[in-house]
Amino acid sequence: MNEPAVLGFKLASSPQSVLFIPNISMRFLKRKLYWVLGLCACTLTLLLGHFSPFSAAYSPQPVQPTLQPLIAWGTQTFGGDGRKGRDGANGRNGTSGQETQIRLTGSPMTVDVAGSSGTSGQDGQLGENAYGCDHSAQPTHNLTGADGGRGGRGGNGGRGGDGGKVWIYYAQSAQLKALTLNNAGGQGGQAGLGAPGGYGCGCVDTAWQVNYCEWQRYRKQRGVADAPWIKDKTKTYPCTGSQRIDHKRHHPTLDKGNSQWAYRWEYGGVYKTEHFHCTGGAAGKDGQDGQAGREGRYGQVVMVPREDIPQEKVQYYAPLEQLMGQQVDLVKNIWTEKSGLRSQLHPNSKVPDTYTYLDSTARLNYRIDWNAPKSPTELEVSDTKIGATIQVQNNQGQLDFELPGTLEYQLKQQDPLTVMTITGGFSPNRVQSFRIDEEASQRQVGQLVLVDDGDVRSLLQNTKLKVTCLSKQSASGLKTDTYQVRHSVELRVPPIGRSSDGVGVDKNVYTLNVQPFFSAWLKPGYDIQYQVKVEQTTKSNAVYTQTQTANLPVPLS
Numbered sequence: 047m048n049e050p051a052v053l054g055f056k057l058a059s060s061p062q063s064v065l066f067i068p069n070i071s072m073r074f075l076k077r078k079l080y081w082v083l084g085l086c087a088c089t090l091t092l093l094l095g096h097f098s099p100f101s102a103a104y105s106p107q108p109v110q111p112t113l114q115p116l117i118a119w120g121t122q123t124f125g126g127d128g129r130k131g132r133d134g135a136n137g138r139n140g141t142s143g144q145e146t147q148i149r150l151t152g153s154p155m156t157v158d159v160a161g162s163s164g165t166s167g168q169d170g171q172l173g174e175n176a177y178g179c180d181h182s183a184q185p186t187h188n189l190t191g192a193d194g195g196r197g198g199r200g201g202n203g204g205r206g207g208d209g210g211k212v213w214i215y216y217a218q219s220a221q222l223k224a225l226t227l228n229n230a231g232g233q234g235g236q237a238g239l240g241a242p243g244g245y246g247c248g249c250v251d252t253a254w255q256v257n258y259c260e261w262q263r264y265r266k267q268r269g270v271a272d273a274p275w276i277k278d279k280t281k282t283y284p285c286t287g288s289q290r291i292d293h294k295r296h297h298p299t300l301d302k303g304n305s306q307w308a309y310r311w312e313y314g315g316v317y318k319t320e321h322f323h324c325t326g327g328a329a330g331k332d333g334q335d336g337q338a339g340r341e342g343r344y345g346q347v348v349m350v351p352r353e354d355i356p357q358e359k360v361q362y363y364a365p366l367e368q369l370m371g372q373q374v375d376l377v378k379n380i381w382t383e384k385s386g387l388r389s390q391l392h393p394n395s396k397v398p399d400t401y402t403y404l405d406s407t408a409r410l411n412y413r414i415d416w417n418a419p420k421s422p423t424e425l426e427v428s429d430t431k432i433g434a435t436i437q438v439q440n441n442q443g444q445l446d447f448e449l450p451g452t453l454e455y456q457l458k459q460q461d462p463l464t465v466m467t468i469t470g471g472f473s474p475n476r477v478q479s480f481r482i483d484e485e486a487s488q489r490q491v492g493q494l495v496l497v498d499d500g501d502v503r504s505l506l507q508n509t510k511l512k513v514t515c516l517s518k519q520s521a522s523g524l525k526t527d528t529y530q531v532r533h534s535v536e537l538r539v540p541p542i543g544r545s546s547d548g549v550g551v552d553k554n555v556y557t558l559n560v561q562p563f564f565s566a567w568l569k570p571g572y573d574i575q576y577q578v579k580v581e582q583t584t585k586s587n588a589v590y591t592q593t594q595t596a597n598l599p600v601p602l603s
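Each step along the sequence shown adds one to the number in the working numbering, with nothing skipped, and position 438 is 484.
Calculated directly from the structure, the hints in this document are not laboratory data. Computed from a prediction, not measured in an experiment: that's the story for all the values here. Just to be clear, a hint being listed does not mean it is correct.
[To be verified] Label-pair ranges, simulated between beta-carbon atoms:
id, residue 1, residue 2, range
1, Ala521, Gly470, 45 to 55 Å
2, Thr325, Ser305, 47 to 57 Å
3, Gln368, Asn597, 24 to 34 Å
4, Asn554, Glu383, 16 to 26 Å
5, Ala566, Arg489, 39 to 49 Å
6, Gln368, Asp547, 21 to 31 Å
7, Lys585, Thr407, 29 to 39 Å
8, Asn554, Gln488, 13 to 23 Å
9, Thr467, Lys223, 47 to 57 Å
In this text, a Cβ means the ideal position worked out from N, Cα and C, and glycines have one as well.
Construct all of the structure, not just a fragment, from the sequences and the given hints.
As structure tokens, then:
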């Protein structure tokens, strides 16, 4: 008769083993297969998650064991963080005072155009306490409680409204004392208060220790007489250190054994002791108080020592042919900034000390006369817009004329009339008309040919030509990818007579001999670029500039 498999437990203090003998069946083999698969999964988890070996205490009683890990899983947080309290709403801004005109008669008068006050900001709401703070007592890992929510921020106070702008018309300064005026800015709203933060989760125990007991498994070959029990496995589980209690509550899982081996477990007592702690969650931070609203500004005060303000006409422009011989009247009010307003009004007034004062009114006239040898049509300037604007300097009005710099003129003052007489000139379309004739310039190295399509040399004070040589090769032959500035020279061309050395003028064609100036770079195969800046100064001292560029490489031979 075949001997069945033997499986059992043995207390360390007991000489006898309690044996359990199961029947071998397909169910047994399936369970063994599941056990192997589970062992593989646990091994993989240990490698990836840094698990410690699992251990437990066994009891011979047929009760369902509760297993816990041997080593703590670091620190675990219990509970959920409280939510942040809602911020308080900002206060509303005050409204500005209405713009008002006041005409004084000498009778007492009170005018209130102050800005309204801003409203207060709302207080923030309390931060919520942490929730779900229940936790198991003395687990095999450290604990940290969830934090309380932050308190809501207080809302900002609303800004005070600005005082209204006031226009004061009066005939005599004594009338000002009868006016009580308030155009102060409104008060800013109070700041909302920040709310306290919520409470964090607290700990049941701040520190504890957990014992771990060792169990040894022994096995014996079935069917062999006097076969010895051989130790083949050790497991460690959390325990109390009391053998009787640990056998009842903390014992290893029952091994079923197989047809060849019988098993038993022996209690080895406390193997080691681990210490753990709990840190309570932090209280939420208190919300910040809001900011008080800014006080509104005083309104502007404008003092007009007359019944009304003259209508302004500060500039007038028109085509030259239309404007000739016509008198143009311009008007501009001259304002000044003064201080001492509070001493001029009733003492109960709430006003700024500075004010704007209508000091005077400039009334200027001008006329454009023509006294040139040719008509505006012949000079091609009849449609050119010209005119003047009144500018204020040192509290005085003066005319600022605007016309093309190519026209020549004379000014004559006949108070209050200013007469501008145009004595000559030419169309502004004829300046800035130079171009480089590249084809002609390539006929000889070091020669630049310019053409003035406007042909205005004799009509100018002078013409200045600034020629700059750029090259990709240095004087010693080092080459770069871009053109580099090498040298510049300035040449002057008077209206008539002989020009600067190196410049030949034939009607509107200017031939520049730049070889002496740039010879170090005018070598065969060199990449050369010329930049020519033309500066034309008219007889009215207006300056017109333009720049022309041409690439003129030096031939290899």
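Inset, instruction - Could you check the structure against the hints above and give me the numbers of any it violates, in ascending order? - result: 3, 4, 5, 6
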